[in-house]
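Novice: Chains L and E, in that order, are what the protein sequence lines are. For the record, in the first sequence the residue sitting at position 361 is 364 according to the numbering used here, with numbers rising by one throughout. For the record, in the second sequence the residue sitting at position 346 is 349 according to the numbering used here, with numbers rising by one throughout.
You can trust all of the hints, since none of them are fake.
Repeated chains share a single entry, so a pair holds when one copy, or any two copies, can fit it.
Dumping the calculated EDC-like pairs for lysine to aspartate or glutamate here, alpha-carbon to alpha-carbon at most 20 Å:
id : residue 1 : residue 2
1  : K48       : D76
2  : K237      : E298
3  : K237      : D289
4  : K155      : D188
5  : K108      : D76
6  : K237      : E293
7  : K108      : E132
8  : K237      : E297
9  : K48       : D300
10 : K48       : E297
11 : K108      : D131
12 : K48       : E36
Quick caveat, the hints were computed from the structure, so don't treat them as lab data.
2 protein chains.
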Amino acid sequence: MLVDGVAHRTIWLSGDGESVEIIDQTRLPHVFEIIRLDTVDDAAKAIRTMQVRGAPLIGAAAAYGVALAMRADPGDNALDEAMTSLIVTRPTAVNLRWALDEMRKILQPLPAGERCGAAYRRAAEICDEDVGINDGIGGHGLELICAASEAKRGEPVNILTHCNAGWLATVDWGTATAPIYRAHDAGIPVHIWVGETRPRNQGASLTAWELGHHGVPHTVIADNVGGHLMQHGKVDLCITGTDRTTAAGDVCNKIGTYLKALAAHDNGVPFYIGLPSPTIDWTLSDGVAEIPIEERDAAEVSEMTGRTADGRIETVAITPQGSAVANFAFDVTPARLITGLITERGIATASREGLLDLFPERR
Amino acid sequence: MLVDGVAHRTIWLSGDGESVEIIDQTRLPHVFEIIRLDTVDDAAKAIRTMQVRGAPLIGAAAAYGVALAMRADPGDNALDEAMTSLIVTRPTAVNLRWALDEMRKILQPLPAGERCGAAYRRAAEICDEDVGINDGIGGHGLELICAASEAKRGEPVNILTHCNAGWLATVDWGTATAPIYRAHDAGIPVHIWVGETRPRNQGASLTAWELGHHGVPHTVIADNVGGHLMQHGKVDLCITGTDRTTAAGDVCNKIGTYLKALAAHDNGVPFYIGLPSPTIDWTLSDGVAEIPIEERDAAEVSEMTGRTADGRIETVAITPQGSAVANFAFDVTPARLITGLITERGIATASREGLLDLFPERR
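Please put together the full structure from these sequences, using the hints given.
Specialist: Written out as structure tokens, the structure reads:
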């Protein structure tokens, strides 16, 4: 989508055709900086430190990480090592495993001499497939926004989102935001409530940044505010992303999604998930019981980075010295609270049958 | 309660017997500073800028504000002006109106020459009454914690709270925290989950600070985490405060309380409110429809203050330049989500009948 009026993706091949470039998302919204990945270690670090994040983009970055490894050494050991170093970078995103499995499936049978080229080709395809998937989600979600817009006789449709399931979380378009960008580009008035999404503030720092650059009206709110807005009819629709969705439609997404879904349910507000099918973990059914929840560094809660009035980037501690801090990064929203899963093939009810109707090859 | 091992209240008469001292809560947890209020304008500013905050403490500070006004000029006009300047400082806290009504009731009939002394006496009484009320809440709430402790065979009772309804929000003991301090002081093992409470972070900056100084085990979490903890059996009990409670038991409290109550309800976790009776607004019945919600300065959301690694206090912007920001400060938790209201007279069900059983004089 647009940054300063210029169309960007989040990951692309450098001019040299070998190294890979990304937007360093840890520096947004204060600094827009592009960095280059030359090795599989660079790619692993970018995922681990969340220079790239968001389930689909993690998958794309991991695929290119394997390509970078094959460029340096296309042997079996190097392939195994690349897989090992990449799989441990983030425990939750199912796309990471999906992308690595894809790469292994393609590369393992090939002679070493053919692996490098094949790896770059498959990584590029994974990126293009992600764009196509999100375009599909955008089209199906657009119908929901059109219907809401008609019901409101053209008044802006108020959509609440959480965290960043925007184009920055994918290769382009985003999952939750694809319908929003499609509606905005089509001239349908929308207004987005952006929960700041503590810790890490990926709503306030990433979603607000990308919506602003693309010209979509939006308002940043504290995470605590969603319920109040819904009680007062100020939210027409919720759309969030997902890091991992079970075959039964439970959604593991950024911590706090469950609370917003409870509020939507309590107030009769439709709650949708932008769900690219590689994010479905067909091996799981009970999300709360089966999905391990990543605990991250306490400093993400106890410290905050921002810009001072004179433009310096500073990190400040915001909790008392000596207080313990816990940082659970995800929660699970049970399928019963979800109105629908917007996939690239259409909108499924959040249930095993709903998903299997759209993905009959999984029966 | 204890600060560096020394017992403190949040507001008290200076050594000169006329001016009033408070803890500047806007500087916590980074700096512990006591400031002096000499005039009604000082008191109004302290309330408006949230150097003092929390419904009961706002009431006490307003009462002393009237006393400071009467010290300067005990005439009718000065009394009216003091009332006017104090009532507009914060729109939500019903205790503010209650304390000012109390002061007017005492002072209006008196000749000017007797007003100053009477005002200081009634302000001191309001403070002592608050301490007594919270002691009562502590006693009744202690029984709940004792029962939970027995059910867990002495394992720590995990209690989730939101915002600061601690002793810093009152004159002493706190409302939500009174049962916690009583249990801790009695040797019953407790562990408190402290939601940071964006914006203003009064959980992370005030509740964690006061629990830490008093030696109560606690862990700071992002506001988004409460639901996840409850899904996994890590919360035995929720206790929050309230800024205004309707006669039907709806609770207006810091934004986000409603979301935690929804999660508690969804997971069968008891959700209690520490409710001093002056916080009951007997004129209201439908909290969501009738209570106006204070919107505060956007900077509370878009900026964050903390301490740098080298000890400076800095304020940093955390949202993109150009993004709109909204700051709703409270929400309303409907009575149906509340297990009980812990008042100084006992624990009421959150309903008109429940409250009237404890306060029959209101029938």
